[in-house]
Amino acid sequence: MSVTVVVPPPLRGTDPGSFAERTVRERWPRIVAQTIRENDFPETVNERLWALHRELPDGPIRPLQDPGAPDLPLWEEWIAPHLGETWASAPWLFTEHYLYRRILEATGYFQPGPTYLRDPFRKQKTEALDPAAEAVVVLARAANERAAQPEQARAQLPLLVRTALWGNQIDLSMWSADEAPRHLGTDRETAHLLADDTDALLAHLEAVAPARIDLLADNAGFELLCDLVLVDGLLAAGYAHTVVLHLKAHPTFVSDAMIADVLETLDVLAAAPDPAPRALAERLRRYLADGCLRLSDSFIWNCPLPMRAFPKLPLADLARSNLVIAKGDANYRRLVDDAHWPFTTPFAEVVAYFPAPLLALRTLKAEVVVGLDEARIREVAAQDPEWMTNGHWGVIQFYRPAR
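To convert, take the position in the sequence shown, counting from 1, and add 3; that gives my numbering.
One or more hints might be untrue.
Label-pair ranges, simulated between beta-carbon atoms [to be verified]:
id : residue 1 : residue 2 : range
1  : Glu154    : Pro276    : 24 to 34 Å
2  : Pro70     : Ala385    : 53 to 63 Å
3  : Leu205    : Pro45     : 52 to 62 Å
Everything labelled a hint here was simulated from the structure, so no lab data went into it.
Heads up, the beta-carbon is just placed ideally off N, CA and C, and yes, glycines get one too.
The task is simple: from the sequences and hints, build the whole structure.
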(Lines of atoms letter the chains of each structure in order from A; the text may use other names.)
(Lines give C-alpha, C1' and ligand atoms only; values in the text may rest on other atoms or scores of the structure.)
Protein backbone atom coordinates (compact mmCIF):
# COMPACT_ATOMS: atom_id res chain seq x y z
CA MET A 4 0.00 0.00 0.00
CA SER A 5 1.42 3.39 -0.99
CA VAL A 6 1.93 6.00 1.69
CA THR A 7 0.91 9.59 1.02
CA VAL A 8 3.84 11.91 1.65
CA VAL A 9 3.02 15.35 3.00
CA VAL A 10 5.58 17.74 1.54
CA PRO A 11 6.63 20.52 3.96
CA PRO A 12 6.56 24.20 2.94
CA PRO A 13 9.19 25.26 0.40
CA LEU A 14 12.24 27.36 1.15
CA ARG A 15 11.62 31.06 0.47
CA GLY A 16 13.66 34.23 0.46
CA THR A 17 11.57 35.42 3.39
CA ASP A 18 12.93 32.69 5.69
CA PRO A 19 14.70 34.87 8.31
CA GLY A 20 18.48 34.55 8.38
CA SER A 21 18.51 31.83 5.74
CA PHE A 22 20.83 31.33 2.80
CA ALA A 23 17.77 31.77 0.57
CA GLU A 24 17.22 35.24 2.05
CA ARG A 25 20.89 36.14 1.53
CA THR A 26 20.68 34.84 -2.04
CA VAL A 27 17.67 36.97 -2.95
CA ARG A 28 19.01 40.12 -1.29
CA GLU A 29 22.75 39.86 -1.97
CA ARG A 30 23.82 37.13 -4.38
CA TRP A 31 21.28 37.69 -7.14
CA PRO A 32 21.88 41.46 -7.49
CA ARG A 33 25.62 40.67 -7.61
CA ILE A 34 25.09 38.08 -10.36
CA VAL A 35 23.06 40.51 -12.47
CA ALA A 36 25.68 43.26 -12.03
CA GLN A 37 28.47 40.83 -12.93
CA THR A 38 26.60 39.81 -16.08
CA ILE A 39 26.61 43.46 -17.16
CA ARG A 40 30.31 43.91 -16.37
CA GLU A 41 31.48 40.82 -18.22
CA ASN A 42 29.66 41.44 -21.49
CA ASP A 43 29.81 44.20 -24.06
CA PHE A 44 26.05 44.26 -24.47
CA PRO A 45 24.30 47.12 -26.26
CA GLU A 46 23.16 49.86 -23.91
CA THR A 47 19.51 48.85 -24.34
CA VAL A 48 20.37 45.40 -22.96
CA ASN A 49 22.27 46.89 -20.02
CA GLU A 50 19.30 49.12 -19.23
CA ARG A 51 17.01 46.09 -19.10
CA LEU A 52 19.46 44.24 -16.85
CA TRP A 53 19.73 47.22 -14.48
CA ALA A 54 15.91 47.35 -14.40
CA LEU A 55 15.93 43.69 -13.34
CA HIS A 56 18.56 44.52 -10.73
CA ARG A 57 16.27 47.19 -9.26
CA GLU A 58 13.40 44.69 -8.92
CA LEU A 59 15.39 42.59 -6.44
CA PRO A 60 14.41 41.57 -3.83
CA ASP A 61 10.91 42.95 -3.28
CA GLY A 62 9.58 43.59 -6.79
CA PRO A 63 6.59 41.61 -8.06
CA ILE A 64 6.73 38.46 -10.14
CA ARG A 65 5.46 39.30 -13.63
CA PRO A 66 4.94 37.37 -16.89
CA LEU A 67 7.81 37.13 -19.36
CA GLN A 68 8.01 39.80 -22.04
CA ASP A 69 9.77 37.69 -24.66
CA PRO A 70 7.49 37.38 -27.73
CA GLY A 71 8.07 34.33 -29.88
CA ALA A 72 10.43 32.61 -27.41
CA PRO A 73 10.07 28.83 -27.77
CA ASP A 74 9.47 28.29 -24.04
CA LEU A 75 7.05 31.23 -23.57
CA PRO A 76 3.88 29.08 -23.27
CA LEU A 77 5.60 26.91 -20.66
CA TRP A 78 6.65 29.90 -18.57
CA GLU A 79 3.16 31.42 -18.76
CA GLU A 80 1.92 28.24 -17.08
CA TRP A 81 4.76 28.11 -14.52
CA ILE A 82 4.50 31.79 -13.56
CA ALA A 83 0.71 31.95 -13.21
CA PRO A 84 0.51 30.51 -9.64
CA HIS A 85 3.05 33.10 -8.41
CA LEU A 86 1.64 36.31 -9.85
CA GLY A 87 1.13 38.71 -6.95
CA GLU A 88 4.12 37.30 -5.07
CA THR A 89 7.52 38.96 -4.85
CA TRP A 90 11.02 37.70 -5.58
CA ALA A 91 11.45 37.14 -1.85
CA SER A 92 8.07 35.64 -1.01
CA ALA A 93 7.70 33.14 -3.87
CA PRO A 94 9.29 29.69 -3.47
CA TRP A 95 13.06 29.91 -3.84
CA LEU A 96 13.26 27.07 -6.38
CA PHE A 97 10.82 28.97 -8.60
CA THR A 98 12.43 32.39 -8.28
CA GLU A 99 15.96 31.12 -8.81
CA HIS A 100 15.06 29.58 -12.18
CA TYR A 101 12.88 32.59 -12.99
CA LEU A 102 15.83 34.94 -12.36
CA TYR A 103 18.01 33.28 -14.98
CA ARG A 104 15.14 33.20 -17.48
CA ARG A 105 14.59 36.93 -16.84
CA ILE A 106 18.30 37.54 -17.53
CA LEU A 107 17.82 35.88 -20.93
CA GLU A 108 14.73 37.99 -21.52
CA ALA A 109 16.77 41.12 -20.78
CA THR A 110 19.68 40.10 -23.01
CA GLY A 111 17.47 39.13 -25.95
CA TYR A 112 18.70 35.55 -26.02
CA PHE A 113 15.67 34.34 -27.99
CA GLN A 114 15.16 37.53 -30.02
CA PRO A 115 16.57 38.24 -33.51
CA GLY A 116 19.60 40.50 -33.39
CA PRO A 117 23.21 40.65 -32.22
CA THR A 118 22.56 38.89 -28.89
CA TYR A 119 20.52 35.99 -30.30
CA LEU A 120 21.56 32.74 -28.55
CA ARG A 121 24.49 34.53 -26.92
CA ASP A 122 25.41 32.91 -23.61
CA PRO A 123 25.76 35.77 -21.09
CA PHE A 124 27.88 33.57 -18.82
CA ARG A 125 30.27 32.21 -21.44
CA LYS A 126 33.28 34.20 -20.23
CA GLN A 127 33.17 32.58 -16.80
CA LYS A 128 32.55 29.11 -18.26
CA THR A 129 35.49 29.22 -20.65
CA GLU A 130 37.85 30.33 -17.89
CA ALA A 131 36.79 27.43 -15.66
CA LEU A 132 38.69 24.73 -17.58
CA ASP A 133 42.38 25.19 -18.29
CA PRO A 134 43.50 22.60 -20.85
CA ALA A 135 47.03 22.63 -19.43
CA ALA A 136 45.97 22.35 -15.79
CA GLU A 137 47.62 19.53 -13.90
CA ALA A 138 44.32 18.10 -12.61
CA VAL A 139 42.95 17.77 -16.16
CA VAL A 140 46.01 15.78 -17.24
CA VAL A 141 45.92 13.56 -14.14
CA LEU A 142 42.23 12.74 -14.66
CA ALA A 143 42.76 12.02 -18.34
CA ARG A 144 45.76 9.73 -17.78
CA ALA A 145 43.86 7.69 -15.20
CA ALA A 146 40.83 7.50 -17.50
CA ASN A 147 42.98 6.21 -20.36
CA GLU A 148 44.42 3.46 -18.14
CA ARG A 149 40.92 2.39 -17.08
CA ALA A 150 39.74 2.33 -20.69
CA ALA A 151 42.42 -0.28 -21.44
CA GLN A 152 41.59 -2.39 -18.35
CA PRO A 153 37.88 -2.99 -17.64
CA GLU A 154 38.62 -4.68 -14.31
CA GLN A 155 40.54 -1.62 -13.16
CA ALA A 156 37.61 0.54 -14.24
CA ARG A 157 35.27 -1.53 -12.08
CA ALA A 158 37.61 -1.46 -9.10
CA GLN A 159 37.99 2.30 -9.33
CA LEU A 160 34.30 3.17 -9.69
CA PRO A 161 34.01 4.37 -6.04
CA LEU A 162 36.85 6.79 -6.77
CA LEU A 163 35.08 7.98 -9.95
CA VAL A 164 31.86 8.55 -8.01
CA ARG A 165 33.68 10.65 -5.41
CA THR A 166 35.48 12.55 -8.18
CA ALA A 167 32.15 13.40 -9.79
CA LEU A 168 30.72 14.37 -6.42
CA TRP A 169 33.51 16.74 -5.41
CA GLY A 170 33.71 18.18 -8.89
CA ASN A 171 30.38 19.74 -7.92
CA GLN A 172 32.27 22.15 -5.67
CA ILE A 173 33.16 24.20 -8.78
CA ASP A 174 29.94 26.22 -9.05
CA LEU A 175 30.27 29.68 -10.62
CA SER A 176 26.97 30.93 -9.22
CA MET A 177 28.55 30.50 -5.78
CA TRP A 178 32.26 31.23 -6.18
CA SER A 179 34.83 31.95 -8.84
CA ALA A 180 36.76 28.87 -9.97
CA ASP A 181 39.74 30.06 -7.91
CA GLU A 182 37.70 30.55 -4.73
CA ALA A 183 35.79 27.26 -4.72
CA PRO A 184 36.60 24.63 -2.08
CA ARG A 185 38.50 21.64 -3.43
CA HIS A 186 38.40 18.26 -1.70
CA LEU A 187 39.62 16.12 -4.61
CA GLY A 188 42.84 14.32 -3.80
CA THR A 189 42.60 15.01 -0.07
CA ASP A 190 41.39 13.01 2.92
CA ARG A 191 38.26 15.19 2.90
CA GLU A 192 36.92 13.16 -0.04
CA THR A 193 35.64 10.59 2.46
CA ALA A 194 35.83 12.46 5.78
CA HIS A 195 33.36 15.08 4.53
CA LEU A 196 30.72 12.61 3.33
CA LEU A 197 27.49 12.91 5.31
CA ALA A 198 25.96 9.86 3.65
CA ASP A 199 27.65 7.22 1.52
CA ASP A 200 25.60 4.58 -0.31
CA THR A 201 28.41 3.55 -2.66
CA ASP A 202 28.17 -0.12 -1.69
CA ALA A 203 24.45 -0.23 -2.54
CA LEU A 204 25.18 1.49 -5.84
CA LEU A 205 27.87 -1.06 -6.76
CA ALA A 206 25.60 -3.98 -5.91
CA HIS A 207 22.90 -2.50 -8.12
CA LEU A 208 25.26 -1.96 -11.05
CA GLU A 209 26.55 -5.51 -10.81
CA ALA A 210 22.94 -6.74 -10.98
CA VAL A 211 21.83 -4.66 -13.98
CA ALA A 212 25.00 -4.32 -16.12
CA PRO A 213 25.22 -3.53 -18.95
CA ALA A 214 22.69 -0.80 -18.35
CA ARG A 215 21.21 2.39 -19.67
CA ILE A 216 22.40 5.12 -17.31
CA ASP A 217 21.10 8.70 -17.36
CA LEU A 218 23.16 11.52 -15.88
CA LEU A 219 21.50 14.84 -15.00
CA ALA A 220 24.42 17.21 -15.46
CA ASP A 221 25.11 20.30 -13.41
CA ASN A 222 28.02 22.69 -14.03
CA ALA A 223 30.23 23.17 -17.07
CA GLY A 224 34.00 23.48 -16.71
CA PHE A 225 35.91 21.19 -14.36
CA GLU A 226 32.76 19.53 -12.97
CA LEU A 227 31.63 18.58 -16.47
CA LEU A 228 35.05 17.07 -17.08
CA CYS A 229 34.64 14.98 -13.90
CA ASP A 230 31.22 13.86 -15.17
CA LEU A 231 32.65 12.88 -18.55
CA VAL A 232 35.38 10.89 -16.79
CA LEU A 233 32.64 9.08 -14.84
CA VAL A 234 30.77 8.38 -18.08
CA ASP A 235 33.98 7.08 -19.63
CA GLY A 236 34.58 4.81 -16.63
CA LEU A 237 31.03 3.41 -16.63
CA LEU A 238 31.36 2.49 -20.31
CA ALA A 239 34.89 1.13 -19.92
CA ALA A 240 33.83 -1.03 -16.97
CA GLY A 241 30.93 -2.51 -18.91
CA TYR A 242 28.45 -1.18 -16.35
CA ALA A 243 26.75 0.86 -19.08
CA HIS A 244 25.93 0.15 -22.71
CA THR A 245 24.46 3.66 -23.12
CA VAL A 246 24.81 6.84 -21.11
CA VAL A 247 22.35 9.68 -21.71
CA LEU A 248 23.72 13.02 -20.56
CA HIS A 249 20.87 15.44 -19.82
CA LEU A 250 21.82 19.11 -20.21
CA LYS A 251 20.18 22.51 -19.97
CA ALA A 252 18.42 23.88 -23.05
CA HIS A 253 19.64 27.42 -22.37
CA PRO A 254 22.10 29.21 -20.03
CA THR A 255 21.14 29.11 -16.37
CA PHE A 256 22.69 29.19 -12.87
CA VAL A 257 25.73 30.88 -14.47
CA SER A 258 27.69 27.69 -15.15
CA ASP A 259 25.11 24.97 -15.81
CA ALA A 260 26.15 22.84 -18.77
CA MET A 261 24.51 22.83 -22.20
CA ILE A 262 25.28 20.66 -25.23
CA ALA A 263 27.49 23.46 -26.54
CA ASP A 264 29.54 23.28 -23.33
CA VAL A 265 30.11 19.54 -23.75
CA LEU A 266 31.29 20.01 -27.33
CA GLU A 267 33.53 22.91 -26.33
CA THR A 268 35.02 20.83 -23.50
CA LEU A 269 35.89 18.10 -25.99
CA ASP A 270 37.49 20.71 -28.25
CA VAL A 271 39.57 22.01 -25.33
CA LEU A 272 40.71 18.50 -24.43
CA ALA A 273 41.51 17.71 -28.07
CA ALA A 274 43.71 20.83 -28.29
CA ALA A 275 45.59 20.17 -25.05
CA PRO A 276 49.39 20.11 -25.17
CA ASP A 277 49.51 16.79 -23.30
CA PRO A 278 48.47 13.66 -25.24
CA ALA A 279 46.35 12.23 -22.38
CA PRO A 280 43.47 14.74 -22.64
CA ARG A 281 43.60 14.37 -26.43
CA ALA A 282 43.13 10.60 -26.13
CA LEU A 283 40.23 11.08 -23.73
CA ALA A 284 38.57 13.50 -26.15
CA GLU A 285 39.00 11.08 -29.04
CA ARG A 286 37.41 8.24 -27.06
CA LEU A 287 34.45 10.37 -25.91
CA ARG A 288 33.87 11.56 -29.47
CA ARG A 289 33.88 7.92 -30.59
CA TYR A 290 31.25 7.14 -27.93
CA LEU A 291 29.14 9.98 -29.32
CA ALA A 292 29.53 8.71 -32.88
CA ASP A 293 28.65 5.14 -31.82
CA GLY A 294 25.62 6.24 -29.79
CA CYS A 295 27.05 4.91 -26.52
CA LEU A 296 26.99 8.49 -25.26
CA ARG A 297 23.93 10.59 -26.09
CA LEU A 298 23.52 14.30 -25.40
CA SER A 299 19.99 15.42 -24.64
CA ASP A 300 18.59 18.83 -23.71
CA SER A 301 15.09 19.89 -22.80
CA PHE A 302 13.39 22.92 -21.31
CA ILE A 303 12.25 20.64 -18.48
CA TRP A 304 15.73 20.95 -16.94
CA ASN A 305 15.38 24.76 -16.98
CA CYS A 306 11.92 24.69 -15.44
CA PRO A 307 11.13 26.02 -11.94
CA LEU A 308 9.26 22.90 -10.80
CA PRO A 309 10.20 20.29 -8.22
CA MET A 310 10.62 16.93 -9.92
CA ARG A 311 7.58 15.57 -8.10
CA ALA A 312 5.50 18.05 -10.16
CA PHE A 313 7.10 17.21 -13.54
CA PRO A 314 4.83 16.35 -16.45
CA LYS A 315 4.42 12.63 -17.05
CA LEU A 316 6.48 12.42 -20.24
CA PRO A 317 9.98 13.28 -18.92
CA LEU A 318 9.47 11.03 -15.89
CA ALA A 319 8.25 8.25 -18.18
CA ASP A 320 11.47 8.54 -20.18
CA LEU A 321 13.60 8.35 -17.03
CA ALA A 322 11.57 5.31 -15.92
CA ARG A 323 13.23 3.40 -18.77
CA SER A 324 16.65 3.94 -17.22
CA ASN A 325 18.47 1.39 -15.09
CA LEU A 326 20.09 4.22 -13.11
CA VAL A 327 19.60 7.98 -12.98
CA ILE A 328 22.51 9.97 -11.54
CA ALA A 329 21.43 13.41 -10.34
CA LYS A 330 24.38 15.77 -10.04
CA GLY A 331 24.59 18.90 -7.96
CA ASP A 332 22.72 21.10 -5.58
CA ALA A 333 19.92 22.35 -7.83
CA ASN A 334 19.03 18.85 -9.02
CA TYR A 335 19.02 17.65 -5.41
CA ARG A 336 16.79 20.53 -4.34
CA ARG A 337 14.48 19.66 -7.22
CA LEU A 338 14.39 15.99 -6.17
CA VAL A 339 13.42 16.79 -2.57
CA ASP A 340 10.96 19.62 -3.39
CA ASP A 341 13.32 22.30 -2.01
CA ALA A 342 11.27 21.91 1.16
CA HIS A 343 11.78 22.20 4.91
CA TRP A 344 12.11 18.45 5.55
CA PRO A 345 13.60 17.34 8.86
CA PHE A 346 17.17 16.42 7.95
CA THR A 347 16.70 12.90 9.31
CA THR A 348 13.75 12.14 6.99
CA PRO A 349 14.76 9.00 5.04
CA PHE A 350 15.94 9.77 1.51
CA ALA A 351 13.94 6.82 0.15
CA GLU A 352 10.76 8.19 1.72
CA VAL A 353 11.14 11.62 0.12
CA VAL A 354 12.01 10.35 -3.39
CA ALA A 355 9.62 7.39 -3.40
CA TYR A 356 7.75 9.03 -6.31
CA PHE A 357 10.83 8.67 -8.55
CA PRO A 358 10.32 5.99 -11.24
CA ALA A 359 13.86 4.60 -11.55
CA PRO A 360 16.91 3.69 -9.46
CA LEU A 361 18.46 6.98 -8.40
CA LEU A 362 21.90 8.15 -7.28
CA ALA A 363 22.23 11.69 -5.89
CA LEU A 364 25.72 13.22 -5.87
CA ARG A 365 25.64 16.61 -4.23
CA THR A 366 27.79 19.02 -2.28
CA LEU A 367 25.62 21.04 0.09
CA LYS A 368 25.03 24.65 -0.96
CA ALA A 369 21.52 25.18 0.42
CA GLU A 370 19.69 24.57 3.69
CA VAL A 371 17.83 21.47 2.55
CA VAL A 372 18.95 17.86 2.95
CA VAL A 373 17.43 14.52 3.97
CA GLY A 374 18.66 11.08 4.94
CA LEU A 375 21.16 12.12 7.60
CA ASP A 376 21.93 10.62 11.00
CA GLU A 377 21.09 12.84 13.99
CA ALA A 378 24.42 12.23 15.71
CA ARG A 379 26.30 13.03 12.52
CA ILE A 380 24.34 16.28 12.16
CA ARG A 381 25.30 17.36 15.69
CA GLU A 382 28.94 16.44 15.10
CA VAL A 383 29.23 18.35 11.81
CA ALA A 384 27.26 21.37 13.03
CA ALA A 385 29.62 21.72 15.99
CA GLN A 386 32.63 21.46 13.69
CA ASP A 387 31.34 23.72 10.89
CA PRO A 388 28.38 26.09 11.56
CA GLU A 389 27.98 26.76 7.81
CA TRP A 390 27.99 23.08 6.81
CA MET A 391 24.71 23.31 4.91
CA THR A 392 25.78 26.05 2.51
CA ASN A 393 29.56 26.27 2.11
CA GLY A 394 30.10 23.36 -0.30
CA HIS A 395 32.47 21.52 2.05
CA TRP A 396 30.13 18.59 2.76
CA GLY A 397 28.61 16.07 0.40
CA VAL A 398 26.23 13.12 0.07
CA ILE A 399 26.20 9.97 -2.05
CA GLN A 400 22.62 8.73 -1.69
CA PHE A 401 21.06 5.79 -3.53
CA TYR A 402 17.41 4.82 -3.93
CA ARG A 403 15.89 1.81 -5.70
CA PRO A 404 12.13 1.62 -6.18
CA ALA A 405 10.37 -1.46 -4.89
CA ARG A 406 9.35 -3.69 -7.78
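Could you check the structure against the hints above and give me the numbers of any it violates, in ascending order?
none
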